[in-house]
Structure formats: structure tokens, C-alpha cells
Amino acid sequence: MSEMLSIRNLSKRFGPIHAVDNVSFSVKRGEVLGFLGPNGAGKSTTMKMITGFLAPTSGTAVVCDHDVLKEPVAVKAKIGYLPEGAPAYPDMTPAAFLGFIAGIRGYSGGKKDARIERAARLVQIEDVMNQPIDTLSKGFKRRVGLAQAILHDPEVLILDEPTDGLDPNQKHEVRTLIQNMARDKAIIISTHILEEVDAVCTRAIIISRGRVVLDGTPDQLAARSRYHNAVSVVLKARAVPVVETLLRSLPAVAETEKVDGMDGLACVTAFAKGGRPIIAEISQIARDPANTIEEVRVERGRLDEVFRTVTETRG
Amino acid sequence: MRNICHIFKRELGGYFATPVAYVFLVIFLGMAGAFTFYLGNFFERGQADLSSFFVFHPWLYLILIPAISMRLWAEERKSGTIELFLTLPISIGEAVLGKFLAAWAFCGIALALTFPIWLTVNALGNPDNGVVLAGYIGSFLLAGGFLAIGSAVSAATKSQVIAFVVSAAICFLFTVSGSPLVLNFFSGWAPQAIVDVVASFSFVQHFNAITRGVIDARDLVYFASLIAVFLFANAALVDLKKSS
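Here the protein sequences line up with chains A and B, keeping their order. Under our numbering, the residue at position 256 of the first sequence is numbered 256, and the numbers go up by one with no gaps. So the number in our numbering is just where the residue sits in the second sequence, counting from 1, plus 315.
A portion of the hints provided could be inaccurate.
Unchecked claim - Covered stretches of chain A (in silico footprint by chain B; criterion: 3 or more residues with CB under 8 Å from a CB of chain B, positions within the stretch not fixed):
1) 49-58
2) 80-94
3) 134-143
Said to hold, decoys possible - Non-contacting residues of chain A with respect to chain B, defined by C-beta distances greater than 12 Å in every case (computed):
4) S2
5) A77
6) G106
7) K111
8) A114
9) D160
10) G165
11) D167
12) Q170
13) P218
14) T256
15) P289
None of these hints come from the bench; they were simulated from the model. Beta carbons are placed, not taken as given, at the ideal position from N, Cα and C, and that holds for glycine.
Work the whole structure out from these sequences, hints included.
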């Protein structure tokens with residue numbers, strides 16, 4: 001049973017609006033799926049349907065062989081879910097809140113304490129366990145929500161914007177945590193932070209207007225960028241016209257783009273025709289000291305550019 | 316059942332985690348006492364019973380119970396915790412019952428804390444404590460009826476203010492449905508059977524019957540079915556409105 005989560009023709013309509021339109025995909029054990037899309041694309045709605053909070057208009061989700069329409073409680077028991085905004089009861093302390101969750105999840109006595117202790121340690125909230133949640137900072141609140149989601153070591157983990165509101169160190173910790181848990185779980189994280197996809201995801205799906213527009217590994221997605229295999233060179237600004245002419249004269253180069261930098265430097269990017277590697281040709285130009293080239297790098301493709309292309313052109 | 320117990324404990328603990336519980340208890344006990352002694356003329360009546368205590372309970376509950384029930388679901392929806400709550404492995408029925416029972420138990424605590432009035436009447440005379448007990452049972456059932464209505468209304472809105480006002484209005488109709496205010500509206504055109512049915516919805520009628528010391532099965536069935544109907548509506552409303 002490597003396929004732990006399978007979404008089948010899931011649709012949700014709110015009146016005339018197709019919030020989610022015939023979405024199908026599946027997630028295997030060990031996969032971390034980045035769920036991307038602009039605000040309002042249907043990410044949260046899809047997650048709400050998988051977790052049994054919203055009833056789909058049509059289609060269904062199957063989690064560990066349980067259909068969410070037929071056995072919602074069994075599905076909910078398998079899933080750890082961090083809803084958008086990490087809601088938690090503000091008057092409770094994290095200790096009491098996690099105690100409540102652990103009770104509902106079926107733990108009691110020493111096992112319950114061990115579960116709470118482990119979850120609190122993993123997300124590093126041990127120091128605030130006895131402060132009311134509404135007195136905590138945004139970062140701590142988010143981590144209390146995460147602790148709640150991972151408390152029962154679920155097989156399927158669904159996190160709606162898990163790093164929203166965290167500082168860079170906390171983001172790094174949460175990503176490390178996700179990676180460490182990934183091996184024996186199926187994880188979906190929604191995000192609009194594209195660096196996160198590179199950092200933790202083994203696969204990414206981009207949805208726009210309720211439809212899946214791209215599905216692949218981060219590398220496959222990046223390969224769709226016009227920056228894929230483009231080469232950027234950093235050089236003295238005065239040498240730009242010469243180098244640009246040289247680059248354009250190469251048959252494999254489609255076009256060039258110039259960005260002015262600081263300290264009399266500029267950056268010229270040469271785009272490859274059809275995304276083929278062009279570094280070999282360009283390195284010839286870079287070797288000539290007259291061209292004053294200080295740095296050469298091959299672009300792997302820019303996810304943000306792919307993201308914009310696939311989510312905007314469908315307007 | 317286990318889940319209901321966990322929800323019950325969390326909810327009941329929640330009342331005491333904030334000033335809500337203490338404010339409510341102080342106001343309830345203060346008003347119950349003031350009504351009994353000043354409006355009910357507890358001493359002047361010279362009777363060893365608690366009827367001047369219980370007679371004001373429907374009016375007290377009319378204001379105070381919606382204040383408890385208004386937050387039950389409206390607050391969860393407003394703050395978004397409902398998404399967390401209802402994606403835990405529990406059924407909606409368990410969620411509704413857990414919350415309702417916690418609120419009802421809280422009312423029970425408030426009612427139990429009126430025990431000094433029972434001590435007082437026992438110190439002053441020899442009341443029929445069976446009738447007093449019946450009064451407490453009736454009052455507790457009445458609170459349950461008000462709460463079930465309030466809980467269902469709370470599930471229909473995100474606004475606690477709307478929940479309060481609408482619950483109070485519905486509870487008021489149920490309270491006065493045996494009085495001329497409502498019955499005259501029907502008696503002009505409706506057949507007597509309908510007038511009787513409307514009158515039989517009256518909280519006060521059934522409550523008074525119990526506080527007289529006669530616990531009739533019909534009165535118990537009335538409160539039990541009223542609570543059941545509104546809790547059923549409550550679950551349906553939660554399911555319908557949870558995500559909007």
C-alpha cells in the first residue's frame with residue numbers, strides 16, 4: 001500500500017463558482033507534495049475536502065483505503081491536519097490543548113504524556129507549555145498547531161501553509177522537521193513560498209482556478225522555465241554591449257537580457273533556444289579577459305517564473 | 316462516548332479558564348437571591364417552601380442561558396477552531412452532545428450553588444424536601460431546554476450577539492406560549508385544538524407542574540423531546556453552516 005492518499009475527480013462548487021474543478025492526484029508514502037497556487041486557487045478548499053471538513057460536490061478522497069465520504073471518522077483518525085491560520089483555543093495553554101487532542105486521539109495515562117512531550121519537543125514549544133495560547137507569538141501559535149497535527153504520528157500529514165508567520169530560523173526548523181518525518185508518511189503542504197518547494201518537496205502540483213495545471217518534481221517544473229539552462233554572467237558594465245553582441249551571435253542563444261548591478265557591474269543572461277545547455281559555448285567567451293567576466297552561472301530554471309506563467313496565462 | 320467525555324471536559328474547563336464562569340455564577344446567584352427575597356416576598360409569605368425561589372427561574376434563564384449558549388458554536392466558527400475541532404476523529408453528534416452536556420453541567424453547578432436558600436428554608440421551617448428536590452429537577456430540565464435552543468441558534472450564526480438575541484427571543488416565545496399574550500393571537504381564528512397545542516409548548520406550564528412536586532412522565536417527555544429536537548437541529552445546522 002504505497003499509495004496512501006488518492007484524490008479522485010474532486011470538485012467543489014460554491015453556487016456558480018468552481019472552487020475546485022475535477023482534481024485528481026495521489027500521494028505515495030515518502031512523498032512530500034508541495035501544493036502551489038495563487039490565493040483563491042482552491043488549495044485550502046481541496047485540503048478541507050480531503051480532511052472531511054467540507055463535503056465535495058462530486059468525487060472523493062481515499063486515505064489509507066478509507067473513503068472520506070463513507071468513513072469520515074476513520075479518515076480523520078489517519079490524518080494529521082494543520083488548518084489554514086493554525087486555529088487553536090485561545091484560552092487554553094498548549095499543555096491543556098495538546099492534552100485534549102491526545103485524549104480525542106485515543107491516548108491516556110503515560111502514553112498520552114509521552115506523546116505530548118514528544119510533539120512539544122519536535123516543534124520546540126516546551127518553554128511555553130503553560131502560557132495561554134492567545135498570549136503566544138504568531139510563530140509559537142503556528143508551532144502549537146503543528147504539534148497538534150503530528151501528535152499521533154499520522155500516516156498522512158496535511159499542512160496548510162505550515163511556515164506562514166515564522167522567522168527564517170523557525171522556517172528552517174519546520175522544514176527539517178517535515179523532511180525528517182517524510183520517510184514513512186505521505187505529506188501535503190500548501191504554500192506560496194516557492195523556495196519551500198525546493199527545500200522540502202519531492203513533487204509539486206500547481207493549481208489555478210481550481211484545476212491542476214502542472215504536476216511534477218521541482219526539477220521538472222523548473223525545466224519549464226525559460227531560464228532553464230540559461231547562463232548568467234556578471235561583468236563590468238562597460239563591457240556589456242560587446243559581450244551581448246558576442247552572446248547573441250552564438251547560434252544556440254535565443255536572446256539576452258541585461259540587469260544593471262552595483263559597483264559598475266552588470267548581469268547579462270543568455271537564454272538558450274529550446275532550453276538546451278549552452279554553457280560550453282559561453283565559457284569560451286568568459287575565458288577572454290577583455291570581456292571582464294567575473295562570474296558565470298547556469299540557471300536551473302526559476303519556479304516563480306513558471307508559477308506566474310502557468311497561473312496567469314489562463315486568464 | 317469516550318469522545319463526548321473528552322469534549323465535555325474541555326468545554327467545562329473552558330468556562331473556568333476565563334472570567335465568564337465567575338461572572339455568570341455571581342450574577343445568577345445574586346439575581347436569584349434578590350428575586351426570591353424582594354420580588355417573591357420569601358419572608359412575608361411565611362411559608363416553608365421555595366416556590367418564591369423557583370417561580371422566577373424561567374425569567375432568569377431567559378437572560379442568562381442565552382449568554383452561555385451564544386458562544387457554543389458561534390465562537391468556534393468565528394475563530395476558525397471549528398475546522399480543527401471537526402477534523403478530529405469525532406462525529407458531529409458527539410461534538411454537539413459534548414458541548415451541550417458541558418453547558419448543562421455548568422448550569423447544574425450554578426443551580427447547586429443556590430443551596431444556601433435550601434438551608435435557609437430548612438432552618439426556618441419544615442419544608443417538604445421532596446417538593447424542593449422536584450423544583451430543582453424542574454429547574455435543571457428548564458435550563459436544558461433553554462440551552463438546547465440556544466445551542467442550535469448559536470450554530471446558525473458567527474455572531475454571538477445575534478445568537479444571544481435570537482435565542483432569547485425564541486426562549487421567550489416558549490416561555491410565554493401558555494399566556495394570553497400568545498394564546499389570544501391564536502384563539503381568534505384557530506381551532507381550540509391548535510390553541511391547546513400551542514399552550515402545551517409552554518415552558519412555564521411544564522416547569523410549574525414539576526415544581527409543585529409532581530414529576531409527571533408527560534412533563535419529562537416534553538423536556539426530553541424538546542432537547543432532542545433542538546440538538547438534532549443543532550447537528551444539522553453545524554453540518555450545513557460549518558464552512559460558510
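Status of the hints after comparison with the structure:
1. 49-58: Per the Cβ count (4), the hint holds.
2. 80-94: Answer holds; 10 residues pass the 8 Å Cβ test.
3. 134-143: violated (count 0)
4. S2: With a cut-off of 12 Å, A:S2 remains clear of chain B, as the shortest Cβ separation is near 24 Å.
5. A77: At roughly 4 Å from the nearest Cβ of chain B, A:A77 sits no farther out than 12 Å, so the non-interface label is violated.
6. G106: Incorrect as stated: the minimum Cβ-Cβ distance to chain B is 8 Å, not above 12 Å.
7. K111: It holds; A:K111 is separated from chain B by about 15 Å at its closest Cβ, greater than 12 Å.
8. A114: With a cut-off of 12 Å, A:A114 remains clear of chain B, as the shortest Cβ separation is near 18 Å.
9. D160: Not fine: 9 Å to the nearest Cβ puts A:D160 too close to chain B.
10. G165: holds (14 Å)
11. D167: holds (23 Å)
12. Q170: holds (21 Å)
13. P218: The claim holds: A:P218 sits with its nearest Cβ about 28 Å from chain B, beyond 12 Å.
14. T256: A:T256 clear of chain B: closest Cβ-Cβ about 49 Å, beyond 12 Å.
15. P289: holds (62 Å)
Consistency note: the structure conflicts with the earlier hints numbered 3, 5, 6, 9.
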